[in-house]
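Chemist: Sequences and hints are given; from them, build the entire structure.
Line by line, the protein sequences are chains A and B.
Okay, so the first sequence: first residue is 1 according to my numbering, each after it adds one.
Okay, so the second sequence: first residue is 1 according to my numbering, each after it adds one.
Honestly, I wouldn't trust all of these hints.
[Said to hold, decoys possible] Negatives, chain A to chain B, calculated, CB over 12 Å:
id: 1; residue: His-31
id: 2; residue: Ala-73
id: 3; residue: Gly-111
[What the hints assert, rightly or not] Lysine-lysine pairs mimicking BS3-like chemistry, simulated, CA-CA at most 30 Å apart:
id: 4; chain 1: B; residue 1: Lys-171; chain 2: B; residue 2: Lys-271
id: 5; chain 1: B; residue 1: Lys-179; chain 2: B; residue 2: Lys-31
id: 6; chain 1: B; residue 1: Lys-72; chain 2: B; residue 2: Lys-174
id: 7; chain 1: B; residue 1: Lys-303; chain 2: A; residue 2: Lys-61
id: 8; chain 1: A; residue 1: Lys-8; chain 2: B; residue 2: Lys-340
id: 9; chain 1: B; residue 1: Lys-171; chain 2: A; residue 2: Lys-110
id: 10; chain 1: A; residue 1: Lys-49; chain 2: A; residue 2: Lys-110
id: 11; chain 1: A; residue 1: Lys-61; chain 2: B; residue 2: Lys-174
id: 12; chain 1: A; residue 1: Lys-49; chain 2: B; residue 2: Lys-303
Note that these hints are calculated values from the structure, not bench results.
For each residue, glycine too, the CB sits at the ideal point set by N, CA and C.
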Amino acid sequence: MTNLLYSKDHEWVQQLEGNRVRIGISDYAQHSLGDIVFVENPEVDSEVKANEAVGSIESVKAVSDLITPVSGAVVSVNEELEDAPQSINEQPFDGGWIFEVELSDSEELKGLLSEEEYKAFISEGEE
Amino acid sequence: MRKSTKHSLVKEKNKMTNTYRYLPDTEQDKKEMLDFIGVSSIEDLFADIPAEVRLTEELNIPDAQSEPEVLKSFSKLAQKNINADQYPIFLGAGTYDHYIPSVVDHMISRSEFYTAYTPYQPEISQGELQAIFEFQSMVCELTGMDAANASMYDQFTALAEAASLAIGQTKRSKVLVSKSVHPESRQILTTVARGQNYGVGEIGLSVDVTDLEQLKAELNKDVAAVIVQYPNFFGSIEDLAAIKELAEANGSLLIVSSNPLALGLLQTPGKLGADIVVGDMQPLGIPMSFGGPHCGYFAVNKKYIRKIPGRIIGQTTDDNGNRGFVLTLQAREQHIRREKATSNICSNQALNALASSICMSALGKKGIREMAMQNIEKADYTAKSLQSKGFTVVNESAFFNEFVVELPRSVKEANAKLLEAGIIGGYDLGIDYGKENQMLVAVTEQRTKEEIDQFVGALEAVING
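Modeler: Structural data, given as structure tokens:
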């Protein structure tokens, strides 16, 4: 996928029309978690703040917080994950998207990583 | 054989002494111990205690008694107690005198059930796990909810846990609880809330039910949940649909504490929009036992299934495709994510939950409904009889098996007189509500028409006397 931004918490952010962004977890994150069995989405219409936990992702190995990389109002969640949480493993960037936010401050995007920066960040962590 | 044993006990000094026949310190033992520490007699051990503070005469206590004598004197003492098997009881307020099928005791007395402490290992506990699974299923059916846990201590802790769940879920800072909720539930809630750092606001009464106007006024974005009881502490049926509407419009959860027996007839809280339903199984299969131990239940709609405190048993299939039962979901909050858990309760009330399951199975759907119906009819008959004698029944709403009657003198006095007449009277609302003249009267299926008439007559005599 091109034009994705990343957070250090391993979420990706895709800019849609206007101030709307779509958020999911990176391929690296899904791979580290293993088989995902449940996703607790944030509530539609709820206000979320960057870097706070808004839900959780349960895999056979662990339960991890779902951290939003941006602030704003949740406008949509991927309801298909309720029956098919494994979509996150299978297609982390497409069918496995998690939620969409109407940004309250688009400046926040500038603090995120580019794909190259994110790749460098991961390999740093693995050393 | 026998004679020689007796002979050796008395005669030989290295056997137990006659004075302390169950303590194996013989004269020889004592002598060895004294020799070892270099003291010549036991008396010498008290040398440091001043003579004037020492007891010089014999202790003034009765002589030792034999085992048959002890049994006799204790059973005489026990006969001084009055219990609900001897006197008709009109006391409820959370603990009720109900019929318990005798099969319940026989089943729970099987050692496979009553000796197990945490009987959760699927390899060896399929019977117990299935029993708990059936319990959960029956709770779901009665409450109209999607999922229930394996039980909790009692309705009080279950209610506080429900409030904590709502706080964790909504990330709001307080809950609103109606004053028509059991006073002890509210006390436990306040204690738990203080520890977990959230607020508890109380909503007053409109006669015998929650004041909906006040509830409306107090609802704001800080309120995680509205908590009501159904039937409430005064026996009245709250308008759950109206309360749900107010709560939902504010984004607050609706928590309902409910008597499961009443749910045999009432519209289920689940159908009326409850998010969490809790309560006490005591009315179904658990003896009063001075108010405990009881058995709480905890049921939620599907959305909160992963937030349920305590244990949940799930049905599954093994490698060969056979039906089996295992603990499920509980790992999430209490093991691998403890810091995020809203509860640290990992226990349940397995034996009492089993008693309740057996009771419900023995009564069956029809039996529970019939029992609930008898409660309503007998309570109604009692209330009408009292009214016909000039008493005022306070309840304005429909009630289940309890109602409040206003007396011209204090409940305390009335109950003392009733006891003299061989009747255990109702609950004194002076204790929690400052209404010294209001008695909360419970009438279960156990009360006969004769007993009810006797109660009404005795109460009338108390007032006139």
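Chemist: Would you mind marking each hint as holding or not holding in the structure?
Modeler: Now for the hints, and whether the structure bears them out:
With a least beta-carbon separation of about 19 Å from chain B, A/His-31 lies farther than 12 Å from that chain, consistent with its non-interface assignment. No Cβ of chain B comes within 12 Å of the Cβ of A/Ala-73; the nearest lies about 14 Å off, and the non-interface call holds. The beta carbon of A/Gly-111 sits about 24 Å from the closest Cβ of chain B, which is more than 12 Å, so the claim that it is off the interface holds. With a C-alpha separation of about 25 Å, the suggested pairing of B/Lys-171 with B/Lys-271 holds against the 30 Å cut-off.
For the proposed pair B/Lys-179 and B/Lys-31, the alpha carbon gap of about 69 Å is over 30 Å, so the pair is violated. Our distance criterion of 30 Å between C-alpha atoms is broken by B/Lys-72 and B/Lys-174, whose separation comes to about 56 Å. Proximity of B/Lys-303 to A/Lys-61 is assessed by CA-CA distance (about 22 Å); at most 30 Å being required, the pair is judged to hold. Restraint check: the Cα-Cα separation between A/Lys-8 and B/Lys-340 comes to about 22 Å, which is no more than 30 Å; the hinted pair holds.
Our distance criterion of 30 Å between C-alpha atoms is met by B/Lys-171 and A/Lys-110, whose separation comes to about 29 Å. Distance hint between A/Lys-49 and A/Lys-110 is fulfilled; the C-alpha atoms sit about 16 Å from each other, no more than 30 Å. Taken as a hint, the A/Lys-61 and B/Lys-174 pair is broken in the structure, with Cα atoms around 34 Å apart against an allowance of 30 Å. Of the supplied pair hints, the one linking A/Lys-49 and B/Lys-303 holds, its CA atoms being roughly 23 Å apart against a limit of 30 Å.
Hint compliance for this structure: hints 5, 6 and 11 are not met, and every other hint is.
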